[in-house]
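J.: Given chain C, put chain X in place with the hints provided.
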Amino acid sequence: MAEMWISMGPQHPMTHGLWTLKIKVDGETVIDTEPDLGYIHRGVEKICEARNFTQITTYCDRLCYASANTWSHAYIYATEDLLDVEVPERAEYIRLVAVEIQRIASHLMWLGAYGPDIGNLSIMVWCLREREMMMDLLQELGGSRLHYNFPRVGGVKRDLPHGFAHRARAKLTLFQNRIQEYEALFDESTIFLVRSQGVGYAKPEEMINAGVSGPNVRAAGVDYDIRWAHPYSVYSELDWAPAVERSSIKGADCYDRYRIRIEEMKESASMVLQALDKMPGGAETYHEPGDPKILAKAPSRAAEGTTGYHHFEDSRGESMFYIAGGGEGRGKMPYRVSIRSPMFITIPFAAKCMVGYKVADIPAIMGSFDPCIGETDR
Amino acid sequence: MGKKISAAAQLKSAESLAAAISMIDGASAEVSTRSSGTQDRHTIKGSCTPASWRELAETLESKHGIDYCSMITGIHWPDAADKTWEVIYHLMRTGVTDPRHENGIVQPNITAAGSLKGGKVPLEIEISIALPDTRTPSVASVQDIWVGADWNEKETWDLVGIDFDGHEKMRRVLNPHETPVGYHPLQKQHKLRYHGFEEMYDDVQGFRRKPADAGKVK
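Read top to bottom, the protein sequences are chains C and X. Just so we're aligned: 151 in the working numbering is position 151 of the first sequence, and the numbers increase by one with no gaps anywhere. Just so we're aligned: 1170 in the working numbering is position 170 of the second sequence, and the numbers increase by one with no gaps anywhere.
With the rest of the complex left out, here is chain C (with noise of 0.2 angstroms):
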């Protein structure tokens, strides 16, 4: 049969923002892969020229909508890093909080949108209505339901209101339990399982090599994680390890992929339950915004010629942000900033995957990467 090129997307309801996926089929079976990205490229990295270092915030809130926490956060280390700012260490586990809540969200409205793919709607209601907790959570701390604009070069922007630690309790214990309620919906679901089994096979050393990072190398049986191996924040200081999927022979399968998300979420629902009991100062204590137990004092002109970056454990992989500090002559803003975004490294890898599978299975092999365009485009 004659070989062809097939575009999906631009608009295709499996691919989560606006890109286009080129495939060459032979029959059913796709030979050949290549993505098209940029669809929604809104030049933040620009933009972030013409900004100071406080107003940079709320444009690495908006590179994913799925994940705003995460990636404000990995600018704001990066900018730490820049201008040598010592952070208190209870604003250090209010953050840990705000973006380990903010993973499990992450992880759910995945989940949430990965049962539709592959043909079981039902889970998406349920994700979505474990998701609101967790929004609602950082709706608390933040303000605002999609984009916090939380942390501050130095600290956070609020401490955890009243009553916070009590309600975060509460849902993360009733989330662990609801858990049970997934597993079993995909596990036990004959579709599912014939659908994400024995497809999209990746291994390890080759996806490190192909810049993957993440939640998708702990499926294949490595437990890489930016949180141990390049310490930051206050982890260190939890009892927890990355979780790990044991995955065949060949590698990870669609299914790893999935079960290491619901191993994940778990992990961060501890790390938050422990966080707050370690909290110093107790996790029920209030400080007023701007009191310097949560907030350091920092410069807002970077020296001439300073760098800063910052490797982080975005719910996607390693996201990473570069900094050069522009000295006097630009005022407050930066002369460049450079953000790595996991998944514009990881959906080249993931095209790759589906190579030798059929056409039905590229949205499951797709969609268990995760992507993401919004950060992707930037």
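Honestly, the hints are just simulated from the structure, not real lab data. The structure displayed is predicted, hence computed values, not measured ones. Hints should not be assumed to be uniformly reliable.
To be verified - DSBU-like, lysine-lysine: derived pairs with alpha carbons at most 35 angstroms apart: (1) C:46 to X:1191; (2) C:352 to X:1169; (3) X:1191 to X:1169; (4) X:1004 to C:250; (5) C:332 to X:1083; (6) C:278 to X:1004; (7) C:352 to X:1120; (8) C:203 to X:1120; (9) X:1045 to C:203; (10) C:332 to X:1045; (11) X:1169 to C:46; (12) X:1012 to X:1083; (13) X:1169 to C:24; (14) X:1120 to C:266; (15) C:266 to X:1004; (16) C:297 to C:278; (17) C:203 to X:1169; (18) C:278 to C:171; (19) C:22 to X:1188; (20) C:250 to X:1063; (21) X:1045 to C:157; (22) C:157 to C:293; (23) C:297 to X:1045; (24) X:1045 to C:352; (25) X:1120 to C:278.
T.: Here is chain X on its own, set in the frame of chain C:
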């Protein structure tokens, strides 16, 4: 308490790698310490000449286990004294290997993080390469060494205009495909002006224009 690598082992590993990088002609590196959170991270900050970059990259990958290319950043410095273009590579050593398997069952790799030593310790490496004043800046591609550098190089060319010699299938990735040749938005001759709030809106709703602004595109 939790899992973390030993800062002392990381410092030792970083020092030996920095010394090894400095042995290469045209390359130099030193250990730079970064602190955020509970423990210092010892990273490597190095630089090299465009001519020695390819040799340095091959050595890093084959002898020192640098298996991961995180990001490539291009910067345009039209006003700097010592350089006009700069490429910065952020590399990492992850130490990830395929897990072994017994009787067909995979045994996941669980790293004993605290006892990692020498060439196994995760490291962050920053290599910057200054390029001379030219209209067609370029540096050797490392696409074949780290596949992860592939799209990073495409992006750097697309946005900043620094080309990579030997890069296969170079194309626009974020800008539209029909973007004019030679247009790279992150070059500094393309100015971006910050509009202050009072500048963007003349009144709360933004209906009326100030007399001085009449006819201007905002």
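J.: Which numbered hints does this structure break?
T.: Failing hints: none at all.
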